[in-house]
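Participant: These are the residues of each chain, in order.
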Amino acid sequence: MVNTILIMAGVLMALGILLALFRFILGPDVTDRAIAFDVMTVSSISVIALIAYFAGRVIYLDVALVYGLLSFLSVVVIGRYIERGL
Amino acid sequence: MSILLAIFLGLVILVLAGTAIYHKNTKVAIIAAGAVGLFASVLYILLAAPDVALTEASIGSGLSTIIFFYVLNKIRQTND
Amino acid sequence: MTQYFSLEFITMLTGFLLIIVGIWGMISQKNLIKIVIGFSLFDTGLNIVIVSLSHIKNSTAPIIDKAVDVSQAASKIADPVPQALVLTSIVIGLGVTALMLAYVLRLYREKKSLDINSYTDLKW
Amino acid sequence: MEIRETVGAAVTLLGSVFIFLGGLGIVRMPDLFNRIQAGTKASTLGTILSLLGLAIMNEAWIWKLLVIIFFVLITNPISSNVISRAAHFRGTRMTNKTVADLLSDKNKKISEE
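Residue numbers (this note's numbering), protein chains in the order written: chain A, 2 to 87; chain B, 4 to 83; chain C, 21 to 144; chain D, 48 to 160.
In short, the hints are calculated from the structure, not lab data. Beta carbons are placed, not taken as given, at the ideal position from N, Cα and C, and that holds for glycine. Misleading hints may appear alongside valid ones.
[Stated by the list, open to error] List of simulated lysine to aspartate or glutamate pairs, EDC-like, C-alpha gap at most 16 angstroms: (1) C:131 <-> B:83; (2) D:111 <-> A:63; (3) D:144 <-> D:78; (4) B:30 <-> A:63; (5) C:86 <-> C:99; (6) C:131 <-> C:141; (7) B:30 <-> A:30; (8) C:77 <-> C:141; (9) C:132 <-> B:83; (10) B:77 <-> C:130; (11) B:27 <-> A:30; (12) C:50 <-> C:135; (13) C:77 <-> C:99; (14) B:77 <-> A:84; (15) B:27 <-> C:141.
[Said to hold, decoys possible] Distance windows between CB atoms, simulated: (16) B:79 <-> C:25: 44 to 52 angstroms; (17) D:117 <-> A:9: 21 to 29 angstroms; (18) A:55 <-> D:50: 18 to 26 angstroms; (19) C:112 <-> B:11: 23 to 31 angstroms; (20) B:73 <-> C:37: 25 to 33 angstroms; (21) B:11 <-> D:75: 19 to 27 angstroms; (22) D:50 <-> C:29: 16 to 24 angstroms; (23) C:50 <-> B:79: 15 to 23 angstroms; (24) B:11 <-> D:140: 45 to 53 angstroms; (25) D:148 <-> C:116: 41 to 49 angstroms; (26) A:26 <-> B:79: 21 to 29 angstroms; (27) D:142 <-> B:4: 38 to 46 angstroms; (28) C:133 <-> B:4: 46 to 54 angstroms; (29) C:96 <-> B:79: 35 to 43 angstroms.
[Said to hold, decoys possible] Chain A is faced by these chain B residues, among others (derived, beta-carbon under 10 angstroms): (30) 11; (31) 15; (32) 19; (33) 33; (34) 38; (35) 47; (36) 51; (37) 68; (38) 69; (39) 75; (40) 76.
Please model the entire structure based on the sequences and the hints provided.
Facilitator: Here's what the structure looks like:
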């Protein structure tokens, strides 16, 4: 019961990543791609947490912690580069 | 179940690598290379290597993109 | 048939295809920054191949805590040696990428061009 | 015991639905600023709900999951703010249905009053 619901959640997260990838390929400008990259990063945090639940190891959550801390840095650098210069 | 997730991540990685090679805009290619590092990190977690995944998430996806954009900024300043 | 449908084989295939894409980008693109991006993809693919060698079926991470007991750790965990090697390799790959980008910057300041066909000083 | 795990799994499923809706919004919306709106807000709420569901299911992991939720809640609006500011100063075209643009020069006096 619980495993079935969590597998359905994982499938929905994978579909979200797939739609963001679609916008990444299709998007007309650099900023669209940056936003798609951001959505893919935030969705990956949830996928990592699900993998950590199915594996039963608490140590996998550290990777999600590093994602949450450092993922915004590259997006900030992209935005500052587009705006006027680093 | 993890095999299907590995197939999905592999397809996403290959599509992003093709985008990184063949797109004309250099900035889009750099962001696509960063996204390849991101999904490679999820693949490392599936392969039971969380330490490698930690390093890849911080270096391959974060710091590498920052270095590429730093060099692009230096090139743009040289033109002025 | 069933050995082709395992996690190790699929990730190894992904790594080799990524290596092919990276080499093709290095030898076919004309932009200098695109060549460095192709090298970066090549590096990532090589690391995926080496890590996929360390995974045995249903193995878990080689870190001992409450979930993995010490007495039966040797039969449950993955091989930690390729992971340590890849951990070094990622950092060295970042260093090599930074060095190549420094060369790109110096070349651009010499000739104001990013095209590989305009650097023909060593041809005769 | 069983009820608590089922409730946690249902919260995780709700969060994944929000992540899917964020991806759908980023494909379907007409211009860049609507895409930022849909993508960032929906995916942030979805991630927070799915991590909260895992925290309900497994009470030994609750502090680490709360720290991750805190970091996502802080860092995700910063990145979307920087991207939307850069896109606005770069002169990205908006869709025809846009009502108010408080950052442009024509409306600056209205926003200061």
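Participant: Name the hints, by number, that the structure is in violation of.
Facilitator: 4, 5, 8, 15, 22, 24, 29
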